[in-house]
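Please model the entire structure based on the sequences and the hints provided.
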Amino acid sequence: MNQLTIVFAIIMLVWIGIFGYIVSLDSRLRKLEKDK
Amino acid sequence: MVLNAFLFVFMTGAVCAAFLLSGPASGLGEFVRAIYFHIGCAMATVAAFLTSCVYSAGVLRGGGDASDIRAESAARLGLVFCVLATVTGSALAKNTWGSYWNWDPRETSIVALMLIYMAYFALRAAIEDPDKRARLSAVYAILAFFTVPFLVFIAPRVTEGLHPSPIIPTKRQESGMDSEMRLILMFTGVAFILLFARLQTLSVRLQTLILKNKEEEDSL
Chain G
206 MNQLTIVFAI IMLVWIGIFG YIVSLDSRLR KLEKDK
Chain A
214 MVLNAFLFVF MTGAVCAAFL LSGPASGLGE FVRAIYFHIG CAMATVAAFL TSCVYSAGVL
274 RGGGDASDIR AESAARLGLV FCVLATVTGS ALAKNTWGSY WNWDPRETSI VALMLIYMAY
334 FALRAAIEDP DKRARLSAVY AILAFFTVPF LVFIAPRVTE GLHPSPIIPT KRQESGMDSE
394 MRLILMFTGV AFILLFARLQ TLSVRLQTLI LKNKEEEDSL
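Chains G and A are the protein sequences, given in the same order.
Here my numbering is used: the first residue of the first sequence is 206, the next is one more, and so on.
Here my numbering is used: the first residue of the second sequence is 214, the next is one more, and so on.
FYI, nobody ran anything at the bench for these hints, they're computed from the structure.
This structure is a prediction, so every number in the text was calculated from the model and none was measured.
Heads up, the beta-carbon is just placed ideally off N, CA and C, and yes, glycines get one too.
Don't take each hint at face value.
[What the hints assert, rightly or not] Quick list of in silico lysine to any residue cross-link-like pairs, SDA-like style, CA-CA up to 20 Å:
no. : chain 1 : residue 1 : chain 2 : residue 2
1   : A       : Lys425    : A       : Ala279
2   : G       : Lys236    : A       : Glu429
3   : G       : Lys239    : A       : Met214
4   : A       : Lys427    : A       : Glu341
5   : G       : Lys241    : A       : Gln420
6   : A       : Lys427    : A       : Ala338
7   : A       : Lys345    : A       : Ile355
8   : G       : Lys236    : A       : Thr421
9   : A       : Lys427    : A       : Leu415
10  : G       : Lys241    : A       : Asp278
11  : G       : Lys239    : A       : Leu424
12  : G       : Lys241    : A       : Thr421
13  : A       : Lys307    : A       : Leu263
[Stated by the list, open to error] If you want a taste of the chain A side facing chain G, the calculated C-beta under 10 Å gives, among others:
no. : residue
14  : Met214
15  : Met224
16  : Val228
17  : Cys229
18  : Leu233
19  : Glu243
20  : Phe250
21  : Ser392
22  : Arg411
23  : Leu412
24  : Arg418
25  : Thr421
26  : Leu422
27  : Lys425
[Said to hold, decoys possible] Label pairs and their in silico Cβ distance ranges:
no. : chain 1 : residue 1 : chain 2 : residue 2 : range
28  : G       : Arg235    : A       : Thr372    : 45 to 55 Å
29  : A       : Ala238    : G       : Thr210    : 15 to 25 Å
30  : A       : Phe334    : G       : Arg235    : 27 to 37 Å
31  : G       : Ile211    : A       : Val296    : 18 to 28 Å
32  : A       : Pro343    : G       : Asn207    : 48 to 58 Å
See below:
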């Protein structure tokens, strides 16, 4: 595996992590907004 | 939900395009891929500061807390993207010019821009009365945005610097970018602006909930 593939994989993982956080924050906020 | 789907498709597409479609460039080699993220962050910065200015005008027209929250969130996200653009730019500078910081006109102007928006938060922190804080910071945010076109688009172009000429060139030979590279650049820019839009809506919702909670606590 060359260096470029490793960097691509790391950036992809970071992006998927950020996206997962965004989706979970979105659902948690929706729940809180419903409770209010 | 729709914005989430758009964001996922665009950002994943942008990362894939930067790594799989774009080839190495002369001078930068494989490191050219960092340019897409650097300019994407810069585009999101301008979009965020513009949003902050628009909502600040809304505050002055009687928009109240809702506009104030939106203006502040946009300025905060703009500052975050501005720092990211500076960090990625610094890494590119090390690779291209041999040093992380060269006081190139564009580097200097981005520092000035960061300081201007840091002062916005210092101003907000210094005023306790919410109405006064909203109005004064709205005036400041509008004035601060007037410096953005000058610092981002004009100042770096009126003096000689290390950066390649314009980001979006009027003549092809000025930037040394081919059409494929420019297309990926625009795609990445859209992806970063969508990321800003998503983070902005989440931040506004969170701030609104915090404000409601505070108001409830005060009324008890």
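Honestly, which of those hints from before does the structure not fit? When the structure is compared with the hints, numbers 13, 21 turn out to be violated.
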